[in-house]
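Chains as they are written, first to last, in the working numbering: chain A, 871 to 980; chain B, 79 to 191.
Heads up, some of the hints might be wrong.
Distance windows between CB atoms, simulated [unchecked claim]:
id: 1; chain 1: B; residue 1: N129; chain 2: A; residue 2: D880; range: 37 to 43 angstroms
id: 2; chain 1: A; residue 1: D880; chain 2: B; residue 2: P86; range: 31 to 37 angstroms
id: 3; chain 1: B; residue 1: E179; chain 2: A; residue 2: Y943; range: 18 to 24 angstroms
id: 4; chain 1: B; residue 1: Q95; chain 2: A; residue 2: G911; range: 21 to 27 angstroms
id: 5; chain 1: A; residue 1: E937; chain 2: B; residue 2: E179; range: 38 to 44 angstroms
id: 6; chain 1: B; residue 1: I90; chain 2: A; residue 2: T950; range: 26 to 32 angstroms
id: 7; chain 1: A; residue 1: Y943; chain 2: B; residue 2: L139; range: 25 to 31 angstroms
id: 8; chain 1: A; residue 1: W910; chain 2: B; residue 2: V173; range: 23 to 29 angstroms
Simulated from the structure, these hints should not be mistaken for lab results.
Each residue gets a CB set at the ideal place from its N, CA and C atoms; glycine is no exception.
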Amino acid sequence: GIQVEQSPPDLILQEGANSTLRCNFSDSVNNLQWFHQNPWGQLINLFYIPSGTKQNGRLSATTVATERYSLLYISSSQTTDSGVYFCAVANSNSGYALNFGKGTSLLVTP
Amino acid sequence: DSGVTQTPKHLITATGQRVTLRCSPRSGDLSVYWYQQSLDQGLQFLIQYYNGEERAKGNILERFSAQQFPDLHSELNLSSLELGDSALYFCASSVGSLGAEQYFGPGTRLTVT
Chain A
871 GIQVEQSPPD LILQEGANST LRCNFSDSVN NLQWFHQNPW GQLINLFYIP SGTKQNGRLS
931 ATTVATERYS LLYISSSQTT DSGVYFCAVA NSNSGYALNF GKGTSLLVTP
Chain B
79 DSGVTQTPKH LITATGQRVT LRCSPRSGDL SVYWYQQSLD QGLQFLIQYY NGEERAKGNI
139 LERFSAQQFP DLHSELNLSS LELGDSALYF CASSVGSLGA EQYFGPGTRL TVT
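Please construct the entire structure, taking both the sequences and the accompanying hints into account.
See the structure below:
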């Protein structure tokens with residue numbers, strides 16, 4: 871299946887700081903999604919971004935499909951941003967089911 | 079709220095037992111996916127249905143089975159449960175089956191004792 875690597879595995883930030891999370895994948899994809907898993911276990915859709923750039927408030931994401939990576943930017947971080955951020959990808963070889971990375975665990979301190 | 083509902087939220091049962099997890103997709107979505115999240119395996123795909131038919135299979139054990147009904151809700155049946163089956167089980171739905179955005183339900187947390 872498609873290999874997905876996320877970095878860094880862990881990140882501690884002070885409130886107000888900016889951060890960049892990276893996702894590398896091993897094959898061309900039809901679907902790339904970023905999720906935030908909150909402390910209650912809910913997986914929240916952040917971006918559906920198989921290519922290009924999108925922004926939503928303090929979050930933005932860029933996927934460079936030709937180079938097989940995606941970046942998630944978090945600006946002016948807040949304590950509510952804490953949790954685990956997952957990148958997941960899919961293509962026809964995976965039956966369009968999502969292959970998840972191991973996630974980046976983010977802790978934002980006051 | 080993603081629009082995907084899952085019941086029950088929590089389930090505690092004993093080894094050897096059988097349980098059924100239920101999922102209702104977002105209105106209009108024809109595809110349903112089941113995923114398992116455990117500490118050692120991470121998030122992994124189990125099985126997908128599209129409009130009532132099985133479309134793709136992942137790392138689903140033979141003790142597990144699923145189906146999608148005519149009203150498009152889906153059930154995941156887990157039998158002969160083992161301690162290692164304790165996990166968070168997610169259902170996701172999408173409007174199509176070819177790389178469309180998937181929306182996840184809140185999950186069912188299964189504890190096998």
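query = How does the Cβ-Cβ distance of A:D880 and B:P86 compare with 31 to 37 angstroms: does it lie in that range?
reply = At roughly 32 angstroms between Cβ atoms, B:P86 and A:D880 fall inside 31 to 37 angstroms, so the hint holds.
task = Could you say whether the range 23 to 29 angstroms given as a hint is met by the Cβ separation of A:W910 and B:V173?
result = holds (26 angstroms)
inquiry  = Looking only at beta-carbon atoms, does the pair B:N129, A:D880 fall within the given range of 37 to 43 angstroms?
reply    = holds (41 angstroms)
ask   = Using the C-beta atoms of B:I90 and A:T950, is the stated range 26 to 32 angstroms upheld?
value = Check passed, 30 angstroms falls within 26 to 32 angstroms.
query = Would you say the C-beta atoms of B:Q95 and A:G911 sit inside 21 to 27 angstroms of each other?
reply = Roughly 23 angstroms apart at Cβ, these two residues keep to the hinted range, so it holds.
message = A range of 38 to 44 angstroms was offered for this pair. Does it hold for the Cβ distance of A:E937 and B:E179?
response = The hinted range 38 to 44 angstroms is violated for A:E937 and B:E179, with Cβ atoms some 22 angstroms apart.
query = Between A:Y943 and B:L139, does the C-beta distance stay in 25 to 31 angstroms?
reply = violated (39 angstroms)
task = Using the Cβ atoms, figure out if B:E179 sits within 18 to 24 angstroms of A:Y943.
result = holds (20 angstroms)
The earlier numbered hints that this structure contradicts are 5 and 7.
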